[in-house]
Amino acid sequence: MELIFETSVEGRQGVTLPEPIASDAEPSKWLPNEALRTGPALLPELNEPEVVRHFTRLSQQNFSIDTHFYPLGSCTMKYNPRLCEDATRLDGFASLHPLEDADDVQGTLALMATLEDWLGAICGMGAFTLNPAAGAQGEFCGMSIIQAYHVHREGKPRPIVLVPESAHGTNPASAVLSGMTVKTIRTLADGTTDPDDLDRNLDSQVAGMMLTNPNTVGVFETRIVEIAEKVHSVGGLMYYDGANLNAIAGLARPGDMGFDVVHVNLHKTFSTPHGGGGPGSGPVGVQSHLEPFLPIPRLVRGEKGQLSLTESRPLSIGRLSAFQGNVGVAIRAYAYILLHGLEGLRRNSQLAVLNANYLRARLRDHFEIPFPQYCMHEFVISLNDIAKKTGVKAGDCAKRLLDYGFHAPTVYFPMIVPECMLIEPTETESRATLDAFAEALIGIKSEAQSDPDKVKGAPWTTPVGRLDEYRAATQLDISYLG
Amino acid sequence: MVFTPHTSAEVEAMLKTIGADSIEALFEAIPRQEREADFSALPTARSEMDVAAECRRLAGQNRGVHHYRSFLGAGAYEHFTPAAVDHILRRGEFFTAYTPYQAEASQGTLQAIYEYQSMICALAALEVANASLYDGASAAAEAVILAVRQTERKRVAVARGLHPASRRVIETYTRYLGVELVELPFAEGVTDVDTLSQKGLQSNLAAVVVAQPNAFGCIEPVETIARASHQGGALCIAVVNPLSLGILKPPGEWGADIAVGDGQPLGIPLSFGGPYVGFMSLRKSLARRMPGRLVGRTLDRNGKSGFVLTLQTREQHIRRERATSNICTNQALCALAVTLYLSLVGKEGLRKVALLNLDRSHYLFERATAIEGISAAWKRPFFNEFVLRLPASAEGVVRRMRKRGFLAGWPLTRWSKKWDKNWLLVCATETKSKRDCDEYVNALGQAGK
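So the protein sequences, as listed, match chains A and B.
Heads up: take any position in the first sequence, counting from 1, add 23, and you land on our numbering.
Heads up: take any position in the second sequence, counting from 1, add 204, and you land on our numbering.
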């Protein structure tokens with residue numbers, strides 16, 4: 024489609040604006056010339072209908088939850104309830120300045136306090152902060168809390184963090200930002216963390232261990248209590264990556280498994296929209312003894328129940344954002360939890376796990392399933408066999424799925440399984456959709472044998488064909504202005 | 205539940221296909237004692253009608269900038285947003301999609317990001333912009349980390365005019381990376397370039413961070429600062445208000461190597477501080493150190509133009525502990541709001557909105573400083589905010605003005621007790637009419653007595 028710049032016509036206007044108060048308003052009236060722009064920024068010139076049409080047409084080139092099944096593993100792409108969208112746009116929420124007096128913001132603060140309490144109950148944590156802007160900032164926040172705890176107790180940070188080899192890449196990247204070096208712990212054939220390899224890497228240099236549970240291959244870490252005890256025995260803390268909380272919300276709590284610090288992704292389990300890549304929100308919870316280290320500002324309740332934000336927290340890791348995080352996202356999550364209640368959250372987890380196991384069962388006679396036990400909310404299949412026989416890769420099959428009207432699952436992650444797909448159907452999909460997806464994937468497998476070029480060249484029905492990523496990286500074109 | 209489709213007959217049939225007796229059997233891997241948790245603090249489900257009413261009740265307990273007439277800025281700004289912006293944001297094809305990993309099925313999001321990157325480059329007059337970061341403060345922190353890695357130096361100089369919250373976020377982000385923050389000399393509302401030129405910058409700096417306009421609204425002598433940075437081998441990081449770039453010289457032209465800032469003034473609601481969007485733009489030579497996602501234009505198998513995520517080997521999902529940043533989910537929908545806003549106001553409109561900010565704030569400034577006992581804290585050119593010296597404590601004035609229906613501004617002592625207690629930071633954007641300004645000044649004259 025044409026770029027918006029290419030449809031621009033000199034002199035077109037898209038907004039009406041009031042007149043200046045000064046009859047001779049010009050930038051040079053008030054500012055020195057050397058501070059001024061010499062020519063206007065090269066923005067497009069269009070009127071409102073043209074802008075609306077351009078972006079409406081662009082939107083129609085997207086797959087989305089509203090239009091397609093979107094089983095992207097580890098992302099929890101479930102339906103986004105519309106009431107939550109309306110709630111966050113209520114003028115009392117949306118037009119609130121972040122620096123207003125506590126008296127003027129009691130409604131939002133009450134909502135935030137309630138959401139903190141609910142997340143604490145869901146995760147089994149003593150205190151929560153809503154400040155982190157997304158899961159990755161939550162991880163950085165959590166690892167900084169762990170470092171601050173060690174500095175407080177031992178006078179210096181601990182240098183090592185343990186991360187299983189199946190972990191998402193964000194875990195090691197976040198740990199490095201907190202000044203730690205990563206040691207990788209092996210994964211056993213059944214997809215769980217190897218306790219013996221953990222033993223070999225444990226000593227008093229270990230700040231903690233980051234773990235997702237269920238883990239990134241969709242398997243519950245059955246020895247989690249034992250793992251936590253081992254890490255605690257050397258003074259380390261356990262960090263829970265809440266990416267996969269949608270499997271267990273309302274059923275089991277990270278706090279009861281021995282975790283000390285958790286983050287949750289509101290845009291996953293609590294279905295705030297993914298927005299094409301954000302905004303998310305990554306609240307962090309801690310066991311009560313770690314509460315003093317939480318970031319500022321902290322939400323506190325006065326003697327008369329009055330809520331306010333405070334910065335006077337001497338042990339805090341500090342600020343993560345200019346204000347208090349993605350409050351507009353928290354409002355959606357609040358409405359979502361209230362719509363569901365405990366029973367609804369529990370039911371969601373049960374049905375998410377049911378859907379994943381059903382789809383897995385529909386595929387198990389046709390694809391290699393590397394981990395034998397029931398999966399949780401997502402599962403891995405390997406297409407290694409097909410790749411070896413036909414030269415058709417998992418990434419090709421993913422592209423071919425687009426022609427069948429399905430967004431592809433996550434491919435090539437987790438990295439420990441060759442030619443893999445990580446499939447997370449979520450609870451909001453029907454059996455009929457899962458059946459159709461299974462048939463499509465089975466059909467693609469036979470196409471890979473009968474007509475491999477059809478799969479290797481896919482997709483054929485999307486607005487553009489297979490795109491040249493190598494060219495994009497080597498002949499960099501990242502701005503219209505060149 | 206209304207969001208899940210399963211009938212009990214379907215559940216039975218699905219369990220049969222799986223070969224499990226019950227849904228509970230699927231959870232056998234979770235030890236029983238871990239399933240006996242106390243969830244009693246959680247609510248029971250409420251109807252949609254009830255939840256809507258509860259949200260309205262809470263929203264009704266707030267008093268936002270539409271309840272008052274607001275002259276409060278200090279890092280977040282009340283601006284006009286064309287209605288079309290939110291109508292497009294509410295299209296499910298945009299807001300229920302995710303990161304465009306499958307490029308061929310995400311051309312809408314990808315092209316919109318490419319257009320966003322192009323517009324940010326146009327504003328900043330720099331060659332490369334990423335797909336967005338969380339907010340202006342974390343973008344400043346990411347820029348500092350980039351500079352530290354690029355120069356292999358660990359000391360960073362920060363202007364006092366940098367927003368105090370941004371400074372604190374930089375501190376949080378660099379605490380365990382061994383980075384030392386020092387402050388540039390300050391005089392009369394801006395960086396003291398006279399002292400700077402006499403004494404020079406501290407040696408071995410990775411970067412100099414300066415805000416334009418700064419947190420007090422003042423226009424900084426940025427060209428001199430950038431020159432001094434480069435003489436010492438440091439990168440110059442500009443923290444800019446993107447709306448001001450409708451009239452102010454863009455950072456790429458005055459010598460900044462990296463420009464960051466918060467896109468909130470460009471079509472994003474105040475929303476008690478977020479979600480906003482951080483932007484980052486930089487010189488091409490630094491592109492491979494860019495944090496976050498980047499969209500590039502390429503060709504498809506038929507030679508047709510299309511868009512993909514590119515230079516992904518910088519990112520955490522591939523590079524893991526050697527990534528340029530840990531960021532993954534960013535603020536794409538907010539970046540889309542910025543793109544829509546800039547498309548609607550366009551080339552001339554952005555200049556006009558920026559000019560209206562100058563117009564309103566200077567009218568207000570002249571009226572306010574004509575009152576006996578009220579004067580400017582510093583005599584400096586400013587954009588849409590300025591600091592007034594009041595005849596009484598700014599806290600008291602703000603309290604009295606609030607009773608008269610005004611959010612009067614931000615007492616500087618709330619940032620640091622080192623500031624004079626009578627100093628008030630005041631903001632007037634295009635949303636304030638002549639009458640709003642006149643009535644504010646009248647109320648201020650009385651509240652200041």
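You may find that some hints are simply not true.
[As the list claims (entries may be wrong)] DEER-style ranges, computed between Cβ atoms: (1) A/G480 / B/A233: 36 to 46 Å; (2) A/D114 / B/L503: 44 to 54 Å; (3) B/K358 / A/Q472: 50 to 60 Å; (4) B/A233 / A/L504: 48 to 58 Å; (5) B/S620 / A/A136: 23 to 33 Å; (6) B/G577 / A/T79: 38 to 48 Å.
[What the hints assert, rightly or not] Listed next, the stretches of chain B that the computed footprint assigns to chain A, with coverage defined by at least 3 CB atoms under 8 Å from CB atoms of chain A: (7) 308 to 315; (8) 436 to 448; (9) 574 to 583; (10) 627 to 634.
FYI, nobody ran anything at the bench for these hints, they're computed from the structure.
Heads up, the beta-carbon is just placed ideally off N, CA and C, and yes, glycines get one too.
Please list, smallest to largest, the hint numbers that this structure does not respect. 6, 8, 9, 10
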